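S.K.: Since chain A is already given, all that's left is putting chains B, C, D, E and F on it; use the hints.
Chains as they are written, first to last, in UniProt numbering: chain A, 1 to 255; chain B, 1 to 255; chain C, 1 to 255; chain D, 1 to 255; chain E, 1 to 255; chain F, 1 to 255.
Simulated from the structure, these hints should not be mistaken for laboratory data.
Given the structure is predicted, the values throughout are model-derived calculations rather than measurements.
Please note that a few of the clues may not be correct.
Short derived list, chain C residues pointing at chain E, Cβ under 7 Å [stated by the list, open to error]:
no., residue
1, Ser42
2, Arg46
3, Phe50
4, Arg73
5, Ile75
6, Glu77
7, Ser78
8, Asn105
9, Glu109
10, Asp117
Derived BS3-like pairs: lysine-lysine, alpha-carbon spacing no greater than 30 Å straight-line [claimed, not checked]:
no., chain 1, residue 1, chain 2, residue 2
11, B, Lys82, D, Lys82
12, F, Lys80, D, Lys82
13, D, Lys22, F, Lys80
14, A, Lys82, E, Lys80
15, F, Lys82, E, Lys56
16, D, Lys80, E, Lys56
17, E, Lys10, C, Lys22
Here are a few chain F residues that face chain E, going by a calculated C-beta distance under 8 Å [to be verified]:
no., residue
18, Lys82
19, Met88
20, Arg92
21, Gly203
By construction, the Cβ of each residue, glycine as well, lies at the ideal position given by its N, Cα and C atoms.
Protein chains: 6
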Amino acid sequence: MRKDQRSNNKIRQVTITPDYIKHPEGSVLIEFGDTKVICNASIEDRVPPFMRNQGKGWITAEYAMLPRATQQRNIRESSKGKVSGRTMEIQRLIGRALRSVVDLNRFGERTVWVDCDVIQADGGTRTASITGAFVAVVLAFHKLIEDKKIKKMPVTDFLAAISVGITSDGTELLDLDYQEDSEASVDMNVVMTGEGEFIEIQGTGEEATFTGDQLQTMLGLANEGVKELNIIQKTILGERVNRIGETAQTKEDPS
Amino acid sequence: MRKDQRSNNKIRQVTITPDYIKHPEGSVLIEFGDTKVICNASIEDRVPPFMRNQGKGWITAEYAMLPRATQQRNIRESSKGKVSGRTMEIQRLIGRALRSVVDLNRFGERTVWVDCDVIQADGGTRTASITGAFVAVVLAFHKLIEDKKIKKMPVTDFLAAISVGITSDGTELLDLDYQEDSEASVDMNVVMTGEGEFIEIQGTGEEATFTGDQLQTMLGLANEGVKELNIIQKTILGERVNRIGETAQTKEDPS
Amino acid sequence: MRKDQRSNNKIRQVTITPDYIKHPEGSVLIEFGDTKVICNASIEDRVPPFMRNQGKGWITAEYAMLPRATQQRNIRESSKGKVSGRTMEIQRLIGRALRSVVDLNRFGERTVWVDCDVIQADGGTRTASITGAFVAVVLAFHKLIEDKKIKKMPVTDFLAAISVGITSDGTELLDLDYQEDSEASVDMNVVMTGEGEFIEIQGTGEEATFTGDQLQTMLGLANEGVKELNIIQKTILGERVNRIGETAQTKEDPS
Amino acid sequence: MRKDQRSNNKIRQVTITPDYIKHPEGSVLIEFGDTKVICNASIEDRVPPFMRNQGKGWITAEYAMLPRATQQRNIRESSKGKVSGRTMEIQRLIGRALRSVVDLNRFGERTVWVDCDVIQADGGTRTASITGAFVAVVLAFHKLIEDKKIKKMPVTDFLAAISVGITSDGTELLDLDYQEDSEASVDMNVVMTGEGEFIEIQGTGEEATFTGDQLQTMLGLANEGVKELNIIQKTILGERVNRIGETAQTKEDPS
Amino acid sequence: MRKDQRSNNKIRQVTITPDYIKHPEGSVLIEFGDTKVICNASIEDRVPPFMRNQGKGWITAEYAMLPRATQQRNIRESSKGKVSGRTMEIQRLIGRALRSVVDLNRFGERTVWVDCDVIQADGGTRTASITGAFVAVVLAFHKLIEDKKIKKMPVTDFLAAISVGITSDGTELLDLDYQEDSEASVDMNVVMTGEGEFIEIQGTGEEATFTGDQLQTMLGLANEGVKELNIIQKTILGERVNRIGETAQTKEDPS
Amino acid sequence: MRKDQRSNNKIRQVTITPDYIKHPEGSVLIEFGDTKVICNASIEDRVPPFMRNQGKGWITAEYAMLPRATQQRNIRESSKGKVSGRTMEIQRLIGRALRSVVDLNRFGERTVWVDCDVIQADGGTRTASITGAFVAVVLAFHKLIEDKKIKKMPVTDFLAAISVGITSDGTELLDLDYQEDSEASVDMNVVMTGEGEFIEIQGTGEEATFTGDQLQTMLGLANEGVKELNIIQKTILGERVNRIGETAQTKEDPS
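One chain only, chain A, in its complex shape (with noise of 0.2 Å):
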């Protein structure tokens, strides 16, 4: 049995509380049950060297924890002087991921960084950032189109995360805490549309390998999750949800 008595096919309580810090464009602090993650959402009215003069935006994510997220305190990667390969792959995913639903031709020439910042860890601190990070993002967005420097979200559907694995025994699990994860044969995280569609399958099995049909049963887990996500993204977001997709269907020009 799990703890919190939870089945196998259930998400831990996820939390989102908006405007959790007051200087970013966007904020929330995201729980999945015990892992607590920070996303803000910052508009930079410029972008990298290598998108200028093309007339689009950027998204970039970047992504940390603090030293005593986790159970064992982990040296500041400020103070090594570099950034581990393990913190890389996460940003660049937050990134590539935030991307493939923002059309980057509707908010002119600005960076939207996004910083996820794990204050606590307890499994799932990637797909937390993903899904937290979305609806920062569409806060952000929002305070510019309020600020009447665009006019459309550029937000294209809905966008969220989470992970599923297979237990050493064979069983098949939604949303790994920290425990369950580190006992997986398989771990897989999954980031989907709100369309139901994927965005990112990156699915290993360190120890052990997996079959096609356990492949398909894992996915089908993640489906539900990330259904339930956006249910609750949702609900945070109120009316704001009414402009997302909007540039999908309109041909108008940012302002």
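M.R.: For chains B, C, D, E and F alone, kept in the frame of chain A given last:
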């Protein structure tokens, strides 16, 4: 008039939330008005090389800000690959201050790592860090006592820090927020014990100088502020307060 | 029509040259069309600190490209003083993939360092690296057997990787070259065993999403490609093939 | 009794050798007893990016020690690849102190780089650096006047720094040498103007605290020491002394 | 007797494979016995900042070894985050040597990047690099001529390099392999033009010294070796040889 | 005519001030005209890892310039976070040169750290460094003898270095100052023993080549210069000179 009708000799609303993060041995969220700092104290069962085989412990501190803790987003120090001079100054200050009220002979060859992570900044982040870190360290040592690893609290006295300054029109202020600090001509941080003695004074007037009389006025304000902070710390610590200073009076060895 | 009249479900011409560099315990040059990678496997008689005193071995991989392996010259990572996120992702992937088909308990406290150096790039460098690295590792372990340092081959199954993708007009392709890859809307790398099970799936659609049906079609293509690669690997390995999987069936200790 | 029969309120023998190195616009060797620091002031005809297009100048300082300036050889910071926290603190202090007595509006968009290189250390290297750097900066500005690049001396007042401390038996000392400093329980550096006002106070008692009375005694000693240093600076500067403070009284623009 | 019955005044078997990698403007694989180096010359249409707006070109070189080019695996310089002193010495030497036979005024504001990557090492990697890099550079310039970007070959003379040394028993040798080099008491690298003049001499006797007579003998051997290398270079270059030196005799401007 | 009426075969005024810095075991200030280098030799009672447990010592050198030793201020290498190729070449050269006249078997498992810090540069800093470092090392070993840690001087012969060059009009010069060096077409540094044998020759003609005859003339000049330097070294060393070479003739073990 100051924001929130605060008079010149008053500190901001200060809140300390204990046990804020679940993994560290000691953890608090401290708020000085809109400045919010997570202070985590972690116990490691060994000391750095320069302290080995002396039968003593060590306390060291690290300080960082989330990129969007401030009005403008700052580049992460991990991305820059080095820690700034400002960060180094602050973390050296926090470490020195804590070591001045802890008897390093009383907790064996252990290191206390104190991490002060500013999640939202509005002036006074270093004084909030010291004041909160003190509470986190007491909580961490209390856990060592509960776990029967040491018998006495190695903390010898209370510790808190507050900023004082002089405005461009010559008025002395206690506990400056960001707006006040950026307009002040003199800026001073004062770290004091519960007994009212000085641990550290760092005063600087980059665009202005200050007289001996102005110095006295500022030190008087700081003294008042620190006394208020000590009261708040005591409320949070509850009966653990009684153990502070006990090593100063005893001769027992650490277990 | 694809370059070289290749049909959509065909891999490119694949060549593996064994014993390419004389110093390493195992060495091959692998070519996927115009993509050329030197894969060297080196045996070191100790393990990294986190693996010590467990009686087990370790396998780790590094990946790099010569500056002019690509159409535009890239700055050397040694000159930049840091390894890029892309490089880290790839070398972590190669290492994980190899460890999933090697029994770390069967070759003592040794590290296998696998170096995949791309001397000419035309798409699929990471899948060529994994496929070539597997052969280099088998050669290196075979040398340990010949030198009577271990008795059994610690490799438990075959391993190969191939890319699949979806073109902008919705066609699924196997083994994309650089031109195809840069025009594709979905890109996926699949790592599989000789038994046809999955080791790793990494699929991403930065500008597009993909459905469950498209996923199935791509996985089918990957399965065909991996089977072809296994045949080429077996030809090169000759009778050494028979030793693969032998540890999976035996209980003997490493000498 | 102190070394060299010095009484507690006396500074060491202080010598300033002007024009010590031939290339810099201003250069001195300053000696506080056995502490020897080369202070070079270099004029660059542009300012750092954050100061551009403001019509103002900038002053910045760097501080270093030769590896064997000390009793034990230190590893070069260039070999370590980073500057220590201690070095950063000192060079930030030197820069701030100099900027507080220079009118940045009076020498155009130029940077004064001040390099303080300790060739032999025996305590008080930062106070010797500030005191010597002041002279080097006046010499450099004097050269700008001679070269008819500016008309008035931008230096508004004298500047010197001295250390004070409290021994473990409670005696206050002026200008501690290395031996005294390493045994002291309180250590304070005081930077003052020729007018006797404070520019910076940095006092710390790592193993001990200090009372308000002790603070007053230390500040009184520092005041005496700075007055003596001002006299020595004036002797070296000769008639150039008369130009100090002239900008404070004039309204002319820099040429 | 030397390996392969080579006499003391003979170079090893030298092979140059042109057009080895397909992307670079000039590319060769050069082999000196078992030493194998890929030399790629890339043309970039701009010069580094210190060369801008002078109407001249620049040539720079980088040198690296694959980790397992040697008997023992070396740590990658990208992993260490810095380039070793040895690497820097060699790449500075290669760049200097090439610039001495190229007229920088004859190919516009372009940079030739020369990458020498040792894939297998057996002594003499720097002399093989220079000798091969020369051919790659001629090929790259020839491409510029074919593309009608320049009219004349900017190369003024041939260039090759060879090592000489003295064994511990006092015998002078030409073109030392790794084994010979590691046993030699004197080691010298000589870079010469096709005209038989010296471009660079670097001789060192770490455990031994050498006399003027020994120096003369070594220089004589080097002269013979360079002449042989020039013949091999000419064979590869074919009729392109005729263009070498043409700028030395002409006054035309680059187009 | 050369500056100071110096003829082409004359070295500049050379001055060596022994015991220049008080802490190092050996210390000199050496001046070649306006070039001034502090050479400190420090004894450490252990060797680097690659030399351990061989019963031998090690000598290594580091070289640096103060930022304003030159006409234009250079950025500190500690600020850049890395050591330049030029610095690395020079410090490797100094170390090699010293090791060629010291018997590493004669001073136990100790490291001699030689720091050459250029405080003022006017050409020839590397030759001044070698020539001064030799004296500092003899002084340091003499201190080991006085402290009864070793019995014999491990230095086997004298060592000095000088530069030679060819002007753009073809004249050979000895000991070039900065102005001469920047105008020369060929530049060569020669390191020789007291016995007149070569330790190291580094000659380069970046814009020009040189013939065998020119090489002979330059080597002749260098030989004269080194002899003069040896005389100056002997004067400073006084009766310590007699101990040089004694290990070359004895068989005693180090104490």
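S.K.: Hint by hint, note whether the structure agrees.
M.R.: Okay, the hints, checked on the actual structure:
no., hint, verdict
1, Ser42, "holds (4 Å)"
2, Arg46, "violated (12 Å)"
3, Phe50, "violated (17 Å)"
4, Arg73, "holds (4 Å)"
5, Ile75, "violated (9 Å)"
6, Glu77, "holds (4 Å)"
7, Ser78, "holds (4 Å)"
8, Asn105, "violated (24 Å)"
9, Glu109, "violated (17 Å)"
10, Asp117, "holds (5 Å)"
11, B/Lys82 x D/Lys82, "holds (8 Å)"
12, F/Lys80 x D/Lys82, "holds (8 Å)"
13, D/Lys22 x F/Lys80, "holds (25 Å)"
14, A/Lys82 x E/Lys80, "holds (11 Å)"
15, F/Lys82 x E/Lys56, "holds (29 Å)"
16, D/Lys80 x E/Lys56, "violated (37 Å)"
17, E/Lys10 x C/Lys22, "holds (24 Å)"
18, Lys82, "holds (6 Å)"
19, Met88, "holds (3 Å)"
20, Arg92, "holds (5 Å)"
21, Gly203, "holds (5 Å)"
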